[in-house]
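Asker: Spelled out from the first residue to the last, the chains are:
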Amino acid sequence: MRYVMVIDLKRCIGCYGCQIACKSENATPPGVFWARVLKQEAGKFPNVRRSSLPLLCMHCQDPACQQVCPTGATTKSDNGIVEVDSDECVGCRYCMMACPYGARYFNAKERSYFGQGLNEYEKVGYPNHPTGVVGKCDFCRHRLEKKLEPACVANCMARARYFGDVDDPNSEVSHLIREKRGQQLHPELGTDPSVYYLPA
Amino acid sequence: MVKTTTEIWEDEWIPSACSICYNQCGIKVHRVNGVVVKIEGNPDSALGMGRLCPRGLAGIQMLYDPHRVNHPLRRTNPEKGIGVDPQWERISWDEALDIITERLSKIRQDNPHKLLFSGCVPSIAPLFVGLGVWRAAYGTANAFLSDGHQCGNAEHLLAGTLHAATTTNPDLAYCNYLLIFGCHVGFSGYYAYTTMAQRMAEARSRGMRVVVVDPMMNTAAEKADEWLPLLPGSDGALALAMLNLLLNEYGIYDAPYLREHTNATYLIGEDGLYVRDGASGKPIVWDAVSSMPRVFDDPLLKEPALEGSHKVGGQWVRTAFDMLRDSVREWTPEAAAAVTTLPADTIRRIAREFGEAARIGSTIVIDGKELPYRPAAVIYFKGAHGHDNAWGTSLAIELLAEVVGASNVPGSLMGCNPVNFGHPDTGMPHYQPTVDKDGMLVPGLWFGMSQPGTTPPPFPPRDPRKPRFLNLIDLVPWPISTFLPVITNTQPESFGIDYKAEALVNYGSNLVMSLGNPETTVNAFKDLFTVCINLWVDETAEALADIVLPDTCYLERLDPVPVWYHHHHPVGMGDWTCQIRQPIVPPAHERRHFSEVLLDLANRLDFLPDFQVMLNLFYGLKPPYALDPEAEYTWEEICDRIYKGWFGEKRGLEWFKEHGVLNWKKQVEEAYWKPFTHARGPIYFEWIEEKGRKIKKIVDELGLEDWDMSTFKALPHWRPCQALQPREGYDLQAIYYRVPFHTFSMTYENPWLDEVSRLTEPYSYFISINTETARRKGIKDGDEVWVESADAGRVRGQVKVVEGVHPQVVGIAHNGGHWARGMPFAKGKGVFFNALLALDLKHTDMVSFTMDCDARVKVYKT
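First to last, the protein sequences are chains P and S. Each residue of the first sequence is one higher than the last, beginning at 1 in the numbering used here. Each residue of the second sequence is one higher than the last, beginning at 1 in the numbering used here.
Possibly wrong hints are sitting among the right ones.
[Stated by the list, open to error] Pairs of lysine-lysine residues, derived as BS3-like cross-links and limited to a Cα-Cα distance of at most 27 Å, are as follows: (1) P:LYS39 x S:LYS691; (2) S:LYS777 x P:LYS146; (3) S:LYS713 x S:LYS526; (4) S:LYS691 x P:LYS109; (5) S:LYS829 x P:LYS39; (6) S:LYS780 x P:LYS123; (7) S:LYS861 x S:LYS777; (8) P:LYS109 x S:LYS829; (9) S:LYS827 x P:LYS44; (10) P:LYS109 x P:LYS123; (11) S:LYS777 x P:LYS44; (12) P:LYS39 x S:LYS696; (13) P:LYS44 x S:LYS526; (14) S:LYS311 x P:LYS44; (15) P:LYS39 x S:LYS780; (16) S:LYS526 x P:LYS39; (17) P:LYS44 x S:LYS657; (18) S:LYS691 x S:LYS311.
[Claimed, not checked] Quick look at which bits of chain S chain P covers, simulated, 3 or more residues with Cβ under 8 Å: (19) 29-37; (20) 104-111; (21) 213-222; (22) 320-334; (23) 393-406; (24) 509-517.
Hint data in this document are derived by calculation from the structure and do not stem from the laboratory. Every residue, glycine too, gets a C-beta built ideally from N, C-alpha and C.
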C-alpha cells in the first residue's frame, strides 16, 4: 500500500486553513510549517493570474532526504510515509538541504509564541517536538492509526484534498490522478512524490 | 494531538460554537486534562459542516493568550487620549460594578439616552443580549455598532426591503453564473463562510462561472474565471450600464416576475410618488385589458401594464418600470467605461452573459415543487457599497437580480433565511414576512431570534423626526448601524439635540481603531465615563476607558442559540441547525461572561424586570417558559428556558450541552419562499423619495450644510464617492481588503494568524501598489512609504509591488498597526488603514449612513 494525497488546485482557495489545521493538530513550534501555502502572481495588469500552491512533505518514494541522512534517522515505511526518528537524528540538517520541497524544519530550541514561557497549550504540545532535531509532516500518522484522515485533509474548507491508497486502482485518489491528470511537483527530479496536484 | 506520556485523566470532545467572526460555526473542542488541545469543525452543524477557517482553527491561541485582561481595572490617570498611560489600578468586581452602577443610575434617572452603547459583531450572541435587550431595557436609543466601516449598512437595508432578511447570499447549489461586486463570498469571510466555501468549490467544480468585480486581485479574484478591476466606488456605474443593456438594448427581463413580485407596474405620479386610489389609498396600476386604472389588488384586474404612460386623475402617470428604464438610459457602456476604466465591450458581454445565464422563464422541480429557476446570481458587499454613494450603487446591483427575476428562487441571490417555520415539534423559532397595505414585503423579524424581536424592521419606515438621538436613528429611521455619535456628540446643538452623551458602554469592540480616523473618535468620546468589556486592554480601553472589565472568550462561556438565522445561517436547502456555545474550560482568573454582567447590572440598576421582559421579546419566549419579570434567574436558568421554549421540555440546556446540535430539515417553502408569497419587493423605492422630503425639511431647518440629500432617490443612480473625485496632489485611492485568516483587527494578536501574514503569505502586512505606478514614483518592493489621506491622517508601511491591483489604487489588508500596551503581540503589525478615513457627513451616504471606506491619497517614501 502507498498513501498519497491529492490536492485539487481548482477547488483550493488559498485560505491557509491547511497551514493552521496542521499547526493546531501537531502543535508545531513558531516558524515551523509542516503544511504551508505559496502564493505567486503572473502576467501584467489587467491580465494577471494569482495562484496558490499548498505544500507539505511530498513523502517521496525515492526521497532525497533519506539518501543524505548519515544516521538512518529518515526512513520510508511500507505505506509510503517518510518518517524521522528523532532519537536517531543528530540535527546535522543535511536532509533540509537535500529536500527540493523545503518541507523540513529544524527545531533549534524550545520557543513559545508569546515569548514569555510556554502557554497551557504549548506545554501540552511542545514536548512532542524534541529540540536539536529535524521534523516534518508525517501525514498525521497518529490520526491514520485511528482511521482518521490527516488534519489538513479533514478540515479543508474547499474539500480540495483527498487521501488514500494509490496502490488500489479503485481508490478515489487513483481515480482522480488518472482521470484529472494528477501531477507531481518537480517530477524531473525523480523523487516520485506521494502528493499529486490536480490542475487549477 | 496528544502524544505526551503524562497520565491522561480526561479526554473529551465537547460540542460548541466558534465566535472568531460573526458566523458562529459549529465546533468540537478537544479537552485533555483540562486543557484545550484542538478545535475542529462539527460535522453535524449546518454552519461549517465539519470544516473551519484558519481563524476558527486558531482560537486556542486566543484562549491562552497571556496578554488577555484578567481582572477589572480602573484608570487612575485622569488624562485620556492616544498614547496616554492610563495608570491602571486593579480593583475588584464589586468595586467596578459599584462605580458603574452609580454613574449609570444617575444617567438613567436624568436622561437614559445619555448612555451610548456600542459593540462589535464577532461576539454576536452576548452583543445582542447587550445591544438588543439590555440597552433597550435601560432605555437608551443611542446604540451603534462599532465595526463601523466594516458593516454593510446599505446592503442590510436592501436585504431587509427586497429579501426580508438581514443579509444576502447566493444560492450556489444551483447557480451557474456568479457576479461578485467587492465581496469574497465563498472565498474569504462573508456570511456562512465555512459552508459557502464548500459550496463554492463544488459549484466551481461543476462549472459555475465566477466573475469578480474588484479593484484588487484578492482571494475571490484569484479564483475567478474573469477579473474586472474597476476603480473603487464605481461599481454602481457598471451595474447601471448593465441594467440599461438588459432593459433597453437586449430586452432581457422577467416580465411576469416584475408584474407579480415587484412594484414595477405601480403608477408613479409627476410628484414621484405612487398614484393612489382616493377611497382606499392603495397604489394604482393600469389594467392593459380593460384600459383603465385599478388598485393593484383589484380582483377585476386582468393584466397590469408593465409599460406605458397614462392619464389618471388629470395627470400623466407612468409605470415604475418605465421610470426605471428611462433613468438608466444615460448609462451607456461607454459612459460606464469612462468611470470604471473597464472596456465598454466587456461591460456589454458581461451584461449579456448574466442576462442569458438567468434562463428567464425556466423552472425546476425541488422536493416535488415546481419553482422558477434563475441560475444567475449577483452578490455585493463592502468593496461595492462601502462608499458615500452606497444607496444608489447597492440599489443598482440589487436591481440586476430583480429585473431578471433572480431573487429568492433556485440559483439566485437569496435573502438569508427570511422564512422560518421552526422545529416541527414546536414551531419555534418562528418568523416570516408579511405584506403591507401597498402589497409590499415586510420582514418578519429584524433584531431578534424569533417573533416579535425587540426592534422594528426598516420597512414600513417610520416617519422622520427632528433628532433626539445621537445616532440620528429617529431622523433617518432605517439604517442598521451608524458611526454618527462620533460627529453628533461633539456638536449636538447643530443637530438640534439638547444633550451630550455622558457614558459609553463598549462591548468587544475597538472603536478607536475600527470606526475611522482615531483622533476624531477619541475627541468625540474622551469626556465620557467609559466602560470597556473586552479580551484585551486595546487601543480603545487605553485611550478612553475609565473601567475595563475582563470578558470571557467564546471557549469560556455559555450562549444560548449562537446562530442568527436571518444573518449568517446558510441559505437554500439543507438543514436548520440550532446549537450551543458552552464553556470548554471555566473562565480563568476573574474573567466574567458579559451576559452575566448585564444580568448583574440590570439588577443593581433596578431594571431587572424590564430586562427579562425584553429577553422574552427577543427570544420569542411564551409561557410556561417565558421569564417571570419579577423572578430572579441565573444565566444558566435563562438559557435553559430559551432552549425549552424553542424545543420543548426534553431539549433544555442539559440536552444541548450533551448533544451540541439540533437539526431539522428546511422546507422548500422556507428556502425558496418568494414564489409562495404575494409580497412585492420594490424596484421603485417610493418611500425613500417620500421620507427623504421630510428629512430634507428637517435638515434644512437645522441648516446642516454637509448633509447631502442628493442620494435620497427612488431609483438607482450614481455619483462619484469622495475618494473617487480628483484632488490636486492626491493621485491614488486607498482601499482595504479582507483575507481569510484575519477578522477585522482583533486577530493580529493571534500568533498563528500573525505568522501567516508575516512568514508565509506575501501581501497582507504590506501596502500593495501596482508595478507601473510604483515605477513612476520611484518606489521599489520593500520600500517604506507614507500613505497620506487628503481628508484624514497618514499611515506608514512597507510596499509590495504587484500586478494584481488597479494602477490608480493602493490596497491594504484589514486594519493592523496596533499600538496599545495591552496587545503587545499585535503591536506594529500590518498597516492601520482606518487612520485614512475621515469621519464626517461629507464622506457619508445619508440614506444608509455608510461611510466612504476608501480614501483619496498620495504615496511617498519615508
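Asker: CA of LYS109 (chain P) to CA of LYS123 (chain P), is that 27 Å or under?
Answerer: 14 Å, holds
Asker: Is it true that the CA of LYS691 (chain S) sits at most 27 Å from the CA of LYS311 (chain S)?
Answerer: With Cα atoms ~26 Å apart, LYS691 (chain S) and LYS311 (chain S) stay inside 27 Å; holds.
Asker: Check whether three or more residues of the stretch 320-334 of chain S sit with their beta carbon closer than 8 Å to a beta carbon of chain P.
Answerer: violated (count 0)
Asker: Is it true that the CA of LYS44 (chain P) sits at most 27 Å from the CA of LYS657 (chain S)?
Answerer: Violated. LYS44 (chain P) to LYS657 (chain S) sits at ~54 Å, over the 27 Å cutoff.
Asker: Would the hint linking LYS713 (chain S) and LYS526 (chain S) be met if the CA-CA limit is 27 Å?
Answerer: Distance ~37 Å between LYS713 (chain S) and LYS526 (chain S) Cα, so the pair is violated.
Asker: Within 27 Å, alpha carbon to alpha carbon, are LYS777 (chain S) and LYS146 (chain P)?
Answerer: 58 Å, violated
Asker: Holds or violated: LYS861 (chain S) and LYS777 (chain S), Cα atoms, limit 27 Å.
Answerer: Between LYS861 (chain S) and LYS777 (chain S) the Cα gap is close to 9 Å, so the pair holds against 27 Å.
Asker: Would the hint linking LYS39 (chain P) and LYS691 (chain S) be met if the CA-CA limit is 27 Å?
Answerer: 50 Å, violated
Asker: Counting residues of the stretch 29-37 of chain S with a beta carbon closer than 8 Å to any beta carbon of chain P, are there 3 or more?
Answerer: holds (count 5)
Asker: Could you grab the alpha-carbon distance between LYS39 (chain P) and LYS780 (chain S) and see if it respects the 27 Å cut-off?
Answerer: OK: LYS39 (chain P) and LYS780 (chain S) at ~20 Å, within 27 Å.
Asker: Given the hint that LYS44 (chain P) pairs with LYS526 (chain S), test it: the Cα-Cα distance must not exceed 27 Å.
Answerer: 48 Å, violated
Asker: LYS691 (chain S) and LYS109 (chain P) were given as a pair; does the straight-line alpha-carbon distance stay at or below 27 Å?
Answerer: Not OK: LYS691 (chain S) and LYS109 (chain P) at ~67 Å, beyond 27 Å, violated.
Of the numbered hints stated above, those contradicted by the structure are hints 1, 2, 3, 4, 6, 9, 12, 13, 14, 16, 17, 20, 22, 23 and 24, listed in ascending order.
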